[in-house]
Structure formats: C-alpha cells, structure tokens
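**Student:** Read top to bottom, the protein sequences are chains A and B.
Numbering follows this note's numbering, with no gaps: position 178 of the first sequence is 178.
Numbering follows this note's numbering, with no gaps: position 215 of the second sequence is 215.
Honestly, the hints are just simulated from the structure, not real lab data.
Please read all numbers here as calculations on a predicted model, not as lab measurements.
Each residue gets a CB set at the ideal place from its N, CA and C atoms; glycine is no exception.
Each hint can be trusted.
Label pairs and their calculated CB-CB ranges:
1. A:Ala53 <-> B:Ala183: 49 to 57 Å
2. A:Pro214 <-> B:Pro37: 26 to 34 Å
3. A:Leu162 <-> B:Gln133: 53 to 61 Å
4. A:Gly95 <-> B:Met191: 53 to 61 Å
5. A:Asp70 <-> B:Gly201: 49 to 57 Å
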Amino acid sequence: MDKILKMIVQRLALGVLILIAVSLIIFFAVQLLPGDLAEAILGQNATAETVAAFRRELGLDRPAHIRYLDWLGGIMQGDFGKSLATQREISDLIGVRFANTMFLALYAAVISVPLSVTLGVLAALYRNSLYDRFVNIFTLSSISFPEFFVAYILIILFSVNLGWFPALSNVSPETPFWARVYLCALPALTLTLVVVAHMMRMTRAAIINLLASPYIEMANLKGMSRSRIIVYHALPNALAPIINVIVINLAYLIVGVVLVEVVFVYPGLGQLIVNSVANRDIPVVQACSLIFAATYVLLNLTADILSIVTNPRLLHPK
Amino acid sequence: MTDRPDDTLGLSTDSAPPPVVERKLLADAWRETRKAPWTAKFGLIVIVAYIFLAVFAPVLTPYGESEIVGAEFEPWGDPYLLGTDNLGRDMLTRLLYGGRNTIGIAFLTTCLAFLIGGIGGIIAATLSGWVDQILSRFVDILMAIPQLIFALLLLTIFGTAIPVLIIIIAVLDSTRVFRLARAVSLNVVVMDFVEAARLRGEGIGWITLREVLPNILPPMSAEFGLRFCFVFLLISALSFLGLGIQPPTADWGSMVKDNATLITYGDITPLLPAGAIALLTIAVNFVVDWFLHKTSGLRDDQ
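Same shape as in the complex, but just chain B (with noise of 0.2 Å):
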C-alpha cells in the first residue's frame, strides 16, 4: 500500500477531460431524469430538499439548536409554527438541525464503510489466495452476530461520543460493503487489462483504484444509497433508543423518543421526525431502484 498514488480522487483529471464533456454529461444526466418515472423524480425532488434544508439550517430556522424559547409542549400556531418540545425548544428549528445532524453524520458513516469495505474487498479479490481468504472468514464472522446487537455491545464499551459511534457503524457497516465489492471485484480482475497491469509491473494499489475502481462504480454507487438508507435507519434506531448522538445535539431518532409523551394524547408532532426519516429513505430507494434498472439488468430485491 506504500506506492497508492497520491491523486486518489484524480480519476477524472487523468483521462484529461476537458469541460465540454462534462457539459456533455450533465446534459445527458439531465435527460435520463427526464425520462425517468414519477417514482424516481420524486425521489430525486425530496433528495435535494432535503439536502438544501440541511444546509442552509442555520439560516432557515428563527431561533438556536438548543435554545429555549418558550414552555413545554407548546401547541402548533403562531410563534412556534410546530410548537414547542418537551424542554420547550422550537420544534421547526430542532426539526432543520435535527435532519442536519442526523443525514450528515448517516453520510459520513456510509462514506467511511465504504472506504475500509471498498478497498478491502477490491483486495482480497485482487490479491485472492490467503489474503482473501483471511479477510472473507474474518467478515463472515463478524457478520454472524446482529448488528445492531453488535453495535449495542460496541457502544457500552467504548461509549457514545459521535466520533466512536461514526467509526463503530462504519466498520460494522463495512462488513457489507466488503462482501459486494469483492463479489463484482472477482469478475473485473479475470480481465485482461487487469492482467496487462499486472505484467505492467503496477503495484496493488494501481490496481485497486486505477483499473478495478472505475469498473464497479456503477453497482456500487447503487449500494452506496442502499447502504445510507440502513445506516441512516440504524443510526435513527440507536438515538431512539438513547444511546446514539446524545443530547443536546438535535437528532430525528431522539427528538422521536423525547416526545413520545404526546403521542398518548393523540398528538402526532413526535412522528414528524420519524416520517422525515422514512420520507427520505423512501425517496433514496426509489432513486436507487430506477438507478438500477438503467445502469444493468442488475437488480437485486433487497
């Protein structure tokens, strides 16, 4: 791994492409959206909005992260235009900072997974032989327990500050990454330009990003929505559950169980959060699942 070549996002600066082409590619990409399906213009719609809300947060939202503005549970209306949370802070404001929070850290963690499972499985299909072999058994094992029991376990031993929460999920999230990465790895490096780069005398780590890489993007960028979607909803499920991002720092899984309360009295403001969480899972699924059908015929009903 010594001689990985700096430029690793260089990809594109390689291959020299002047702008036109990129033009070029934003046209196209603009004209397959065009033509896609309600199902998938939706989701894209609600992505950007999302990611928009996210962040422009602080300057949406008419009072601070975790300021107290008013009483507790202060009904929908005038000056809190969802009412007050159960520390009598804006619901709205919590609501933006909450998806803020919750969405970045979800992606970092995708992000992360990605690149320790990534790497790892192009790896072991690269390399094969005992390499591949010890990483696959060692994956397999770790994917014998649950993950989210996993993570439970995980969390009680080294705590819950965001950073070892981010790194826990990531690595057991990577479990996954790996697997794929090295199952369509397998078909790309029987190739004969793999082998051309072999007797090249390029090293592993050419090899990884220069030839491999650019041969799998499509189906895992497919799972890179995939992926976010679960860990997103885990990450949800271990704040609701009180011991992922803690507070004061906003977040849709806590601000679900901070407010629970008012669900006994018919009040549906504690599912805001959750509905926003399941819109924008719905959203990415649908985006994937048209993505899918464009790229290949690869579709695998997850």
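The following block holds chain A by itself, in its conformation from the complex (with noise of 0.2 Å):
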C-alpha cells in the first residue's frame, strides 16, 4: 500500500510540474508575438503616446516573469483578468460555459463507455464473425469522419427529417435537467459516435491479447461457456488497458467538444475560445486554453494512476 501511495504522490508532483509548464508555454507563447499586445491590437496607425498608455493599461510596462507570476497568482485566487473585446471579467464568462462544457462532455461520457465496453466485450465473444467484420469496418470509418460531419448527419436525420430533437442547442443557466438532456441530446450523440470507435477497438484488442494464455485455456478446458470465460476470467485483467482508454478518450471528449459546440451553438467553453480566437482576444484564449489545457493533463494523469493501481505489475518497472 505504501508503494501505491508513493507512486500517486510522485505522480501528483509530476503532474504539478506539467501544469507549470504548460501555464509557462501559454502565457510567454504571447510574447513570441512581433512588437506586443498592444502595438498587435492598436494596429499600425496608433501613435507612439497611445500605444504606450495602452501598455501601461495592459501592465505590459512590467517586466514578464513579474507579469507571469502576477496572472498565475490570480489564476489561483479565480481571477483571470479582463477581456480585452467586452472588458468583463473573464471568470464570469467562464464560469457558467464552463459548467455547461462538463454537462455535455460528461453527457456522452454517461453514453458512451458502457456502450462502448459492451460492445467491444461481444466484439471479442464474436471474433470473425459478420458482426466483428462490420465493427471493425465502422470503427475505421467512424474515425476518418470529421466531427462536423457526423453532426451535421445527423441533424439531418434526427432534426430535419424525424424532427426528435432540436437542430440548436441554445440552453440558458435557468434551463432545467431534463429539458437540457433533450437539448443536448445530438451534440451528445455526435460526440459518442466520435469516441465509441476508439474504446470498443481497444477493448476488443485488449480482450483477444489475453485470450492466448495458459489460465484461459485451463478454463477453456475445463468446459467452462465462452462467454463466461470472457466476462469472468478475462474482463478484469482486460480492465487496466481498458480504463486507461476510457480516460484518454474522456480527455479527447473534453477537447472534441470545440467543433461540436460550435455546429450545435451551444453556449460551452469551445464557443468562447473560437470567438476569443477570431477577435484576437488574447487574455480569453489563455484562459480558455489553460482550462482545456489542464483538465486534459488531469485526465490524462488520472488514467497514469488507475492504470497502476488496477495493474500492480506496473508498481516494479524493469
């Protein structure tokens, strides 16, 4: 247990390093810019004395690591500074878009990973089979298909055609839950569509590697069904790879979210930072990215760490 504890705290640190880093790359990738924030939004025509007032606005008279240290020390206190196109504080436009980001990504998550592990758990049971062929071609496809693309299908069918649901997904904070799960029921969909692929695949591989060994065979030759050997034997060695899958897609869901968001409007994260991005509102993009940025980088240590709890194996690299 000890070693377990150790390694999550290792890890931990790790992760806290990656995010310092991160956070560095975001804030001082703005000052690869030519000239500085305040001579890009001016423009060429701004006077000398304009340009330096602005600076001073913007503290952009301070040296940088001082400047650094100042934005990551509000980033902490929940305070992200202002935005340059409204001048509002960048939390209160985060704060709600954000909640509503998490209720979408973790909507498809709710569909997607038992749809996916089920499926991929019969992917395996049925190996070679017309139905394995036809998952293995779909999973390929499903991940040579734009994002866009899937959305806008199935707008077509669900929206236009049947009219189940509602082509935009326009929810408001007073939306209440099972009005919003209706609203979002497409752009949900589109995202586990995106997903689903990748997961069951890696089940169904992760499944068949274990297949081949000695324990499998001794149960195969005991006479036990296939189907119980599948769900009993081989599940719960399969689960190591299969949550570490889970994890780096959910990471992905966070990150698919952009393009969905903005086919079906909806008032998410994504949104802001494509606007933020097509008005050079730089201070929202660094927030933006820096949240994106994070959660992607705790996801992705969530699934460093429950892959070693669940495998002990991992606890004693070579």
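Dock chain one against chain two, each of which comes alone in its own frame, and use the hints as you go.
**Tutor:** Laid out in structure tokens, this is it:
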C-alpha cells in the first residue's frame, strides 16, 4: 500500500510540474508576438503615446516574469483578468460556460463508456464473425469522419427529417435538467459516435490479447462457456488497458467538444475560445487554453494512476 | 549538422540501382496490389482519383475558383451541376479547387512535420544522453496541451495566413512523429552497422540519413498516411471554425460552414465537402492498414 501511495504522490508532483510548464508555455507564447500585445491590438496607425498608454493600462511596462507570477497568482484565486474585447471579467464569462461544457462531456461519457465496453466485449466474444467485421469497418470509418460531418448527418436525420430533436442546443442557466438533456441529445450523440469507435476497438484488442494466456486455456479445458470465460476471467485482467483508454477518450471529449459546440451553437467554453480567437482576444484565449490543458493533463494523470493501481505489475518497472 | 551530405534525396542514386531494378520493384508493387484485399484496392483507387482531380482541377472546372456565376444557392441541375454556394459561386468548381487546396496544404504540412519530427527523433535516438533527454522532455510538455487548443492559441498570436498555418500545425504534429521516429530508431542504433559507421568516424548527418533512415522507412511511411489523415482533419476543422484557410481560397472545411444553412432545409449539398474529407481519410486508412499488415507484424490500433 505504501508503494502505491508513494507512486501517487510522485505522479501528482509530476502533474504539478507539467501544469506549471504548460502555464509557462501559454503565457510566454504571447511574447513571441512581433512587437507586443498593445501594438498588435491598436494596429499600425496608433501613435506612440496611445501605444504607451495602452501598454501601461495592460501592465505591459513591467517585466514579463513579474507579469507571469501576477497572472498565475490571480488564476489561483479565480481571477483571470479582463477580456480585451468586452472589458468584462473573464471569470464571469468562463463560469457558466465551463459548467455547460462539463455537462456535455459527462453526458456523452455516460452514454459512450458502457456502450463501447459492451460492444467491445461482444466483438471479442464473436471474433471473426460478420458482426466483428462490421464493427471493424464501422470503427475505421468513424475514426476517419470529421466531427462536423457526423454532427450534420445527425441533424439531417433526427432534426430535419424526423423532427425528434432540436438542431440548436441553446440552453440557458435557467433551463431545467431534463430539458437540458433533451436539448443536448444531438451534440452528446455526435461526441459518442466519435469516441465509441476507439474505445470499442481497444476493449476488443485488450480482451483478445488475453485469450492466448494459459489460464484462459485452462478454463477452456474445464469446459466453461465462452461468454463466462470472457466476462469472468478475461475482462478483470483487461481492465487496466480499458480504463486507460476510457480516460484518454474522456480527455479527448473535453477537446472534441469545441467543434460540436460550434455546430450546435451550444454556449460552452469551446465556443468562447473560437469566438475569442476570431476577435484576437488574447487574455480570454489564454484562460480557456489553460483550462482545457489543465483538464486534459489531469485526466491523463488519472489514467496513469488508475492503470498502475489496477495492474500492480506496473509498480515494479524493470 | 554541418557535414550533412547535400544529396538528401540521393538514397537511390547512392547504390546506383540500374533502371532494371526499378522496373522489377514496380512489377512487384503491381503484383502485390493485385493481391490486396478489396478495402485496400478501393482505397488506392480513391486516392488516385483524388490526386487526379486535384492536379487537373483548373482544366476540369468550367468556372474560376472564386468567380461569381449566378444567384445564391441555385439548385442542382443544368448550368450548375451541384448548384451554387452562398455567394453564387459554382459548387462543383469550388469542390474541385477546395480539394486541390486542402489536400495540397495538408500534404505540405505533413511533409514538414516529418522533416522536423523525423530528423529530431533519429538524432535523439542516435546521440542519446542529454540531447535525447532535453528533446524528449520538451516534446512531452508540448504534447500535454491538446493539439487543437494549442493550434487555436498560436493562430490567435500569429494570425491565420496560410504559411503560418502550415508551420504551426507542422510543428505541433512533429511531436507525434518525433515519438515514433525515436522509438523505432532506438532499435536500429544499437545495431552493429551503426557502431561501425561511428567507428569509421561518420558524422551525425551521415548516420541519420544513410544508416538509420532507410531502416525505419516502413513504419514511418505507414505513419505518414495516418499523420496525413490527422493533419487533414485538423486543417479542415480549423477552416470549419473559420480560423484556418481564409476566403476566397476554396477549401472543404469552410465550404461546409458557409453553406451550413442549407442543411436546415434538408439540402445535403454542404455535406458533399464533408463527405469528400471522410472518403479520403477512410481510403488512406484502408491502404495504411493493408501496408502495415504487409510490411511487418507491426500493427498498432490507433
């Protein structure tokens, strides 16, 4: 148990280091700008005095490392600074949107995780059958589809032709939970289709990998049924890679959400970052990037820790 | 890196293979292709068709790339085979030019990513020690930020001109290439012939290009196909968001976005460019799948 605790602490420390490095990159990438932020925003025609005044307003006259520490310190206390385009507090802009994005990602996860594990186990169970081959082609194609293609196909099918679900997911903070679930059905379904393929493929591969091991053969020789072998004997040992793939796909969901939010005009973080890029509202883009990156890093870290905890062999690297 | 031989492309001229060998190679390739499963054949046919259409787009199209020829959103039919787009430009023309631009840019980007990542990866594996440590940790950190988000951040800073777009995505994607190149090179650099080259006093440039590179070509070329798909999808996604290739240059991502309103009327025209993207990536995936089966047991489920 001590070893596991030590490992977790080590990984967490590593995670903190990575987060600091990520924040450094996000902050100092802006320094690569030819000229600086003030010149970039005011453009070529601004007089030297205006630029200087604006620079003072943004605090650009201070050295970069002090500004970085200020920025990071502010974020620790939930203060992301002000948006350049709207002059509003960035934390106000982000709060609700972040909750919306998490809701959508969770929604998709709740559908896709059980679905893909079940389908993956079935594909392993009926290996080389027609079903398995169909699954193979389906997964290969759905990995190749751009997210917006899937999204528009779903809109045409379920919104335009059948009229079951709305094509726009314009939720507001007052929308009740079930109405929200209904409004977000199509975006969640899009995300599900995008991630299910990968998770299913890996679940199948993880189980099939194990089927060659001696203890499975033993179970076979004892005359156990194939489904019992797979569900009770193979699946528990295949859990580590499966969990890993699931968490990595959840991390992907957080990012894949950007395109889907734009298609369905869903008021989430993804839409905010896209609009801010178009307006070159750099502080907002930085804040959103940091949140996305932090979520991504944390999920990958969780995948790491979970896979070691579920597979004690990984505690002792060669 | 000062002693890099200037015939970077001279891999084939070096051992002076007469044309006969090349013809035999071609014949072998042809025989293999005929034995390929239908998925791979289908993929190859699609890829060849796309290349043909992309190269000859200016000849095949009746109108200019951004020429306004009629009213907005004309239906499919006579003068405009696939109708017109939101500004009254011929859809078919835009589709062909869009393919030309999107595929061309994605291809260039992938080449650049392989140039950076491939050379970096081989050098890291060959030199090992602190060079490897620094490069690898640097790549680890770059990969900790999701690619799309990182691309959005850099596009905000540097603007969205096409050369900038190509460089940003190539640099971001080269991290993946670096990882693979380093991993496969590690198996090669421990071989005796590399040691022999070292003892002979060859420079890092020679070892990279002449000793290691030819031996990691099969997995790297399969990876090229997969990375191309990925870059192609990423560029289309950025253009779809309005942050990639800028108008009036035709490209498939922004064509979907510009005409998306038609979808609410049940018109599938905007899905054509999206479908074109999907078809090409599927075709490349099929071919890569077959190639991986052929070249080795190496088959990672991406």
